[in-house]
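Undergrad: The chain contents come next:
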Amino acid sequence: MEGTAVAVCEILKYLIIHWRCETARISKGALLEGELVISIEALNSKHQANTLHCVTTIASAGSIFGGLVLKKFLKEIQSILPGLSAELSWTSEETSYSQDVSGVTPFQMIFEAHEKPRTLMTDSLVIKNFLHKVITVLPKIRFNFSVKVNGILSMEIFGAENEPTLNLSNGIALVVNHQHYVSTPKFGTTELLCSRIHPVLGHPVMLFIPDDVAKMGLLGELILTPAAALCPCPNVFSNQLNRISSASIFLYGPSGLPLILLNPEQPTSTTFKDTSYFINWKKYHLCMVPNLDLNFDRGVHTLLTTHLSAILTESHSVVQDSIQVAVDQALEQHHQAVKAHQKLQASLSVAVNSIMSIMTGSTSSSFRKTCLQTLQAADTQEFGTKLHKSFHEITQNRFLHHCSREVKQQLLPEKKNAEQSTEDAHENSSLELLAGTSGQVENKSLKRGSLCQGVEETRAFRSPRALNPSEATLGRAEPTAAPLTPSRNRTGPRSGLEDALWLQEISNLSEWLSPGSAS
Amino acid sequence: MAFAPRGPEASFFQVLDQHRASLLAALRKGGREPAGGGTHLATSSEVLAAIENVIQDIITSLARNEAPAFTIDNRSSWENIKFEDSVGLHMVSHCTTRKIKSDSPKSVKTFALILKILSMIYKLVQSNTYATKRDIYYTDSQLFGNQTVVDNIINDISCMLKVPRRSLHILSTSKGLIAGNLRYIEEDGTKVNCACATAVAVPSNIQGIQNLITDAKFLLIVEKDATFQRLLDDSFCTKMSPCIMVTGKGVPDLNTRLLVKKLWDTFHVPIFTLVDADPHGIEIMCIYKYGSMAMSFEAHNLTVPAIRWLGLLPSDIKRLNIPKGTLIPLTKQDQMKLDSILKRPYITCQPFWRKEMEIMADSKMKAEIQALTFLSSDYLSRVYLPNKLKFGGWI
Numbered sequence: 001m002e003g004t005a006v007a008v009c010e011i012l013k014y015l016i017i018h019w020r021c022e023t024a025r026i027s028k029g030a031l032l033e034g035e036l037v038i039s040i041e042a043l044n045s046k047h048q049a050n051t052l053h054c055v056t057t058i059a060s061a062g063s064i065f066g067g068l069v070l071k072k073f074l075k076e077i078q079s080i081l082p083g084l085s086a087e088l089s090w091t092s093e094e095t096s097y098s099q100d101v102s103g104v105t106p107f108q109m110i111f112e113a114h115e116k117p118r119t120l121m122t123d124s125l126v127i128k129n130f131l132h133k134v135i136t137v138l139p140k141i142r143f144n145f146s147v148k149v150n151g152i153l154s155m156e157i158f159g160a161e162n163e164p165t166l167n168l169s170n171g172i173a174l175v176v177n178h179q180h181y182v183s184t185p186k187f188g189t190t191e192l193l194c195s196r197i198h199p200v201l202g203h204p205v206m207l208f209i210p211d212d213v214a215k216m217g218l219l220g221e222l223i224l225t226p227a228a229a230l231c232p233c234p235n236v237f238s239n240q241l242n243r244i245s246s247a248s249i250f251l252y253g254p255s256g257l258p259l260i261l262l263n264p265e266q267p268t269s270t271t272f273k274d275t276s277y278f279i280n281w282k283k284y285h286l287c288m289v290p291n292l293d294l295n296f297d298r299g300v301h302t303l304l305t306t307h308l309s310a311i312l313t314e315s316h317s318v319v320q321d322s323i324q325v326a327v328d329q330a331l332e333q334h335h336q337a338v339k340a341h342q343k344l345q346a347s348l349s350v351a352v353n354s355i356m357s358i359m360t361g362s363t364s365s366s367f368r369k370t371c372l373q374t375l376q377a378a379d380t381q382e383f384g385t386k387l388h389k390s391f392h393e394i395t396q397n398r399f400l401h402h403c404s405r406e407v408k409q410q411l412l413p414e415k416k417n418a419e420q421s422t423e424d425a426h427e428n429s430s431l432e433l434l435a436g437t438s439g440q441v442e443n444k445s446l447k448r449g450s451l452c453q454g455v456e457e458t459r460a461f462r463s464p465r466a467l468n469p470s471e472a473t474l475g476r477a478e479p480t481a482a483p484l485t486p487s488r489n490r491t492g493p494r495s496g497l498e499d500a501l502w503l504q505e506i507s508n509l510s511e512w513l514s515p516g517s518a519s
Numbered sequence: 001m002a003f004a005p006r007g008p009e010a011s012f013f014q015v016l017d018q019h020r021a022s023l024l025a026a027l028r029k030g031g032r033e034p035a036g037g038g039t040h041l042a043t044s045s046e047v048l049a050a051i052e053n054v055i056q057d058i059i060t061s062l063a064r065n066e067a068p069a070f071t072i073d074n075r076s077s078w079e080n081i082k083f084e085d086s087v088g089l090h091m092v093s094h095c096t097t098r099k100i101k102s103d104s105p106k107s108v109k110t111f112a113l114i115l116k117i118l119s120m121i122y123k124l125v126q127s128n129t130y131a132t133k134r135d136i137y138y139t140d141s142q143l144f145g146n147q148t149v150v151d152n153i154i155n156d157i158s159c160m161l162k163v164p165r166r167s168l169h170i171l172s173t174s175k176g177l178i179a180g181n182l183r184y185i186e187e188d189g190t191k192v193n194c195a196c197a198t199a200v201a202v203p204s205n206i207q208g209i210q211n212l213i214t215d216a217k218f219l220l221i222v223e224k225d226a227t228f229q230r231l232l233d234d235s236f237c238t239k240m241s242p243c244i245m246v247t248g249k250g251v252p253d254l255n256t257r258l259l260v261k262k263l264w265d266t267f268h269v270p271i272f273t274l275v276d277a278d279p280h281g282i283e284i285m286c287i288y289k290y291g292s293m294a295m296s297f298e299a300h301n302l303t304v305p306a307i308r309w310l311g312l313l314p315s316d317i318k319r320l321n322i323p324k325g326t327l328i329p330l331t332k333q334d335q336m337k338l339d340s341i342l343k344r345p346y347i348t349c350q351p352f353w354r355k356e357m358e359i360m361a362d363s364k365m366k367a368e369i370q371a372l373t374f375l376s377s378d379y380l381s382r383v384y385l386p387n388k389l390k391f392g393g394w395i
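Sequence lines, in order, name chains S and W.
For what it's worth, UniProt numbering labels the leading residue of the first sequence as 1, then goes sequentially.
For what it's worth, UniProt numbering labels the leading residue of the second sequence as 1, then goes sequentially.
No lab work stands behind these hints, which were simulated from the structure alone.
Given the structure is predicted, the values throughout are model-derived calculations rather than measurements.
One or more hints might be untrue.
Stated by the list, open to error - Example chain W residues on the side facing chain S (calculated, C-beta under 7 Å, incomplete): (1) Tyr122; (2) Leu124; (3) Ser141.
Claimed, not checked - Simulated crosslink set (SDA-like; lysine to any residue; CA at most 20 Å straight-line): (4) Lys106(W) - Ser349(S); (5) Lys389(S) - Ser104(W); (6) Lys106(W) - His335(S); (7) Lys224(W) - Asp334(W); (8) Lys101(W) - Tyr130(W); (9) Lys386(S) - Ser61(W).
Claimed, not checked - Partial list, computed: chain S residues near chain W (C-beta under 10 Å): (10) Tyr277; (11) Val318; (12) Val338; (13) Ala340; (14) Ser349; (15) Val352; (16) Asn353; (17) Ile355; (18) Ser364; (19) Gln376; (20) Phe383; (21) Thr385; (22) Phe391; (23) Ile394; (24) Thr395.
For each residue, glycine too, the CB sits at the ideal point set by N, CA and C.
Just chain W, same shape as in the assembly (with noise of 0.2 Å):
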């Protein structure tokens, strides 16, 4: 399939097709990745009959003269997350709850807003039409309060019927921008082609999308958005084609990790990620590969270990001889996050990744990716990134 212009030779992609290949080879020994162990997809019957459930267990308790009340998961809780090699964070089967009693004035409001979600819900699904989190919450916003309760109210109700949000016809905003070799067509019929100059922002019905077409040799994920837009000017997807870039802007919405799992589920491309050499950066690269706390009762549905660290490293500072004026002094909350990140389970199985961090913490420096350009201008899509793609310089 042709993608006009064409970047490298393809002696250039050679480390990278071994470690496509060597990726494919640990699926093929691992056993296929198990399908959806938290959430499921759920047809509109499905989410309309759980919904009448939890509404006729409502009845029943006041018929029994009981207050009636949820049994909600706790999903922020580390108690209930465990780590596996193969799906990152997600939560245990057998998990603490907590309960929303609709008899206790500390409590009784929050069980009124999950039956209200819960009726908004109903009616999504019965009309087939779709909401995002925002819609939900502009609808009553003086009686949510704020967006983060709406959000969490959502997430839980998500857990407690165990069907992903997207079924409960609740998108999420996107914010994510896709740039390069990837082609499909929308729920709706719209065809996009993301090979433009211009990035194509994630779309909100990832599971809507269909005819996938793509022969990228990688997917890079990018942590900001200025350094996406900076390889976009310098038609970097262009230079380097064929590849997907990919940015959430920071910490990346649902949809941005749901569209990275699917590309990598369809396609099993290299994914790797350019990030700060910042804990913040680091946690954000951490989010796409192991996932988050707050959605680790949906790992199975967005975390891609596969992923690896392209840069910029800590170890790449001193190497490339990056100046000093450069770096930036950690904080002290900079110092309780990468401690917090050296802790996580997930890092005793990436020895790498954590030289890396213990090299951070030492020099008690972090440095943006914007400190190449102290180099040259042009540094990063001219000289760096070729080269880590080329040489294999991903940890």
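The shape of chain S in the complex, shown without the other chains (with noise of 0.2 Å):
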């Protein structure tokens, strides 16, 4: 079993509902802030062939976990981590944590394990992905998250604290940064301007609990909030293609945490196992290959993760109505953009034009002269290019200018995260050179037993047609990427997403495999 990644996924999970319950007395609604630090520091291990003795550190940049009582994390910690082989312990400033500990001081744990080179690398790309959900909804977490290995590090920031967001409730913060959810692809020649989506945010709808799980002790009040969006910013694209390649389904809890559906086989999972029942297809001229291929994770961290089938199968009809209603505001966004986009494009191609016959057409040497010096011109054909050109970017500058100022509205000040920036370039830049490997991705499955904890995704469908080559770029989220013909059925249990992360991995991770490391 992979003892690391699951151990740093359930005390971080411990630890944030810990913090979440702290904050919430203090400041309902309030979103939690701080840096948290996690490193893994392995070498080859002296006693056993191929495998690395990894010393794993989880600490607190600031003093954020107040009332953590000691003795009660280890115990509980203990008990949802029986297999973990390793010891838990404070290295500093142990006794200021007792009962009564009211939590001025930093927090460090530390334990330890010994794993195979290659499990370490599936714990680190799990542990990612289990950092980059939980930053998505609670963006002012900061993670510092390395991997040393035989020397060689490797560190990567998780956080999304001067990003735009769209604010939740109880201390929930969507961020809108498109990147979070997809790579960035170009289309030909155009860039992405527009590095936002634009959620829209479907009614609350009350979750009824079942009687036999209330009974189990979760008791009060279960409300779904569901949000749509199309991402990326369909303004700019909206001359672009026009067809939705997949559908993800991100499930957080109300602390924050994301979600998992305990068992596909059940009936329950009938609400999330063909999100087409929430699109309305007819409608937007849409029509899709439906691909089933599931793959949903086991895991159990808290009571609600147990019994939220239950809970699901009780409130079947009013989650899929509220998440209907809300995917179809946001493809009826879209819809409009296109539209608008559409009569845009016409009525700049006929102001082009009048201008052309005007300036082609005038005997006044010195009108002409004066357009093509103003446009710098050296003829009458460039002028036309760049006059075109020129009316495109302005009314491009103020689709992005609209598309701020409408998520301005919920939003918190926009800053742009520049670690942020550079990391995703970096994974972009990497993805891209890996555009050719995508179809090998099945070859290259995890193992996903009780692991990987974070992968709520399911794969409802893709089009029918292939994309061309400048799209085929793997991203977080399912890609606009593969070209995968409509009967494909994935044979491993893994979803496009971990595709693409172990493809990231792979890449970023290189360094780990040369010779003299742990192999």
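Dock chain one against chain two, each of which comes alone in its own frame, and use the hints as you go.
TA: Spelled out as structure tokens, the structure:
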């Protein structure tokens, strides 16, 4: 069993849930804010061949875990991770942690494990996946994740603190930079100008808790708030291919931690089994080829997760209706954007042709000369090209302004996360290099088991025709990428997201596989 | 100058001549009417240069990476219109404007259509050819959508460039008719004599008319074509010769208004209106006299404040004992229009008009000119109009 990843994720989940509860007591609705450092240092084991001795440290950069009771924490963690062959201990200021701790000291925790190199690579992938999912809805938490293998360091920072977000309720905020959902494709010469998604919030719906679940201790109000968005921003690409290549569902619990459905074979999972239920195909003239290859993971860390299926069964139609409305609104936005863009393009064409008609028909050489000089064109043909381009750029800026203004109404102030951008840029370039290897993905499936607790996406369908090569870029979410035929079924238990992440890690961790490392 | 056959004796026109004299005296006293305050007749090269300036401004904006926009006067806003007794309704000098932006989804189409029509005007002026608004529309009816869009844009361009529509080489389709004591030569050299049994269509190019000749004692503007035809059939122009009759067949087109204005400017012949005794007829009369909101930017070229209301007056209904069965109740829309006219700035200096409208409002009834036929079939041309003209029955 892959222990490090499970341990890290479970410990983080525990800490975040605790942190959320403490924060909610002080200020309901406040966003969690702070930094956690996760580092794994691995050295070749002196006692076992082809094995790494891994020391994992989880620490908080500041004093964020007020009220954390050490004994209770250790007891509960060890009950969740019985198979972990490691030791949990504090390393500093242990005496500060007592039953009555009021929580002003930093937190640090270390455990050890022995793992195969491949396993550690998998663990790293899983942890990153989990961290990314957490910051998607808890954007002010920052994770500093580093892995050092025989002296070779790989570090990544996960955070969205300075990025625009959409505030939901109860201290949850959804990041809206598209890079958290798809990689940045390039369609011909058009680059992505609007970097956001524009979520449409659906009406919150109350979920009924079945009696037997309530008897188990799950009580209170459970409300599902759907949010739907097209990614990337449809306004910019309204002149591009008008189709949806995949649909993904991300499900989070009240704590802001990703949830998973327990058993894909249960009838309950029909709620999210086929996401085509949520799309009004006829209205938007869409067609689809369903791909019902599911990949649900197992993992339990809270009572809610255990009985989520039963809860969703109880409220099946309500959940479906609520999500359908949100999805419909998101698609309607796109539909209107397409129409507006077509109208705009037609109008600009008329404007350009009219100006050209006057300019070329004029007998005033000074007028013609002035026109050419103003746009720095050598001749009439170049003038026409530049004229068209100028109008196009101005309208693109206008759309971008419109997008940012539309989102601003619900957003926090926008600031670019330079590190995140750098990270994404690096990731994108890596992904582009690997575009040609997408067909090999299935050979590199992860062992899921109880490891991958962060993956809830379902791939509902793909478009019926293959994409052109320029679009074959894998991304974090389901690709606009892989050129699949409609009838293709995935044989492994992995989702496309994991494929993408795996390939990314392959490129990033290539230094691990160099001679002399743990192999 | 002889136009045979002659009408009434000279004494018949005594009051009319006195009226004309008083009008001339008023003109001399008040100074000549200001020449074309809003627009001025422009030469072809001026029009081309104006359009080129517009294009240069657009290109300069683009070079600065700014979205080009047209700044258009709000022609149809009361806040931009003032009333002057000598002119009528006309635009104020510093009026509010609106922007037609190229980067706004709402206005980009209008922006493009303005450029489209500008390019068409450019070609017309360059080639010294003319087209009507209808012609413009049909060059690409799908693009323009409807005629009203074209009409409004042409008016906006005229206002923006401060150039009358005729200088843009766009002619309005004339629907008016003329009859009576008038001769002229059209731009293409065609000689026109309106003293014929059937009426003559108002020409499309009023500006191009030359050698206008008349010795008419008055010009009668008739609201409806039906009434106009009836008067023609009754040989009114002959019986009341020398005179001129014009009809715009309802709301007058630009050329009909231009013709009336030209006849006034050239001959200062007393002008009277014959409209139905209803709010619609009164409004049409006000358009001739004071102008319209839509064309207020060209008021100085179109309005004739000297116009007098001859009939059918609401007070005539009672005076002549017109049968009540021929009267029609005012509709809700009539009431609203009447209230609107009563609130207009020019009514304050027309107390007699106001009184007539108040009679109409009080009675809540309206009457068409055709109601006079209940007195006798030719009452209008044989009794009503001659008496009105002879004894000064105008207000």
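Undergrad: If a hint holds in the structure, say so; if it doesn't, say that too.
TA: Outcome of the hint check:
1. Tyr122: holds, 5 Å
2. Leu124: violated, 11 Å
3. Ser141: violated, 14 Å
4. Lys106(W) - Ser349(S): At roughly 16 Å apart (the allowed maximum being 20 Å), Ser349(S) and Lys106(W) satisfy the hint.
5. Lys389(S) - Ser104(W): holds, 17 Å
6. Lys106(W) - His335(S): holds, 17 Å
7. Lys224(W) - Asp334(W): holds, 18 Å
8. Lys101(W) - Tyr130(W): Roughly 29 Å between the alpha carbons, so the hint for Lys101(W) and Tyr130(W) is violated.
9. Lys386(S) - Ser61(W): Status holds; Cα separation ~13 Å.
10. Tyr277: violated, 33 Å
11. Val318: With Cβ-Cβ at 36 Å, over 10 Å, it is violated.
12. Val338: violated, 12 Å
13. Ala340: Given a least distance of 5 Å, the restraint on Ala340(S) holds.
14. Ser349: holds, 8 Å
15. Val352: holds, 9 Å
16. Asn353: Given a least distance of 8 Å, the restraint on Asn353(S) holds.
17. Ile355: Given a least distance of 6 Å, the restraint on Ile355(S) holds.
18. Ser364: holds, 6 Å
19. Gln376: holds, 8 Å
20. Phe383: holds, 9 Å
21. Thr385: Violated - the Cβ of Thr385(S) stays beyond 10 Å from chain W, reaching only about 13 Å at its closest.
22. Phe391: Cβ of Phe391(S) sits 7 Å from chain W, so the hint holds.
23. Ile394: holds, 5 Å
24. Thr395: holds, 5 Å
Checked against the numbered hints given earlier, the structure breaks hints 2, 3, 8, 10, 11, 12 and 21 and satisfies all the rest.
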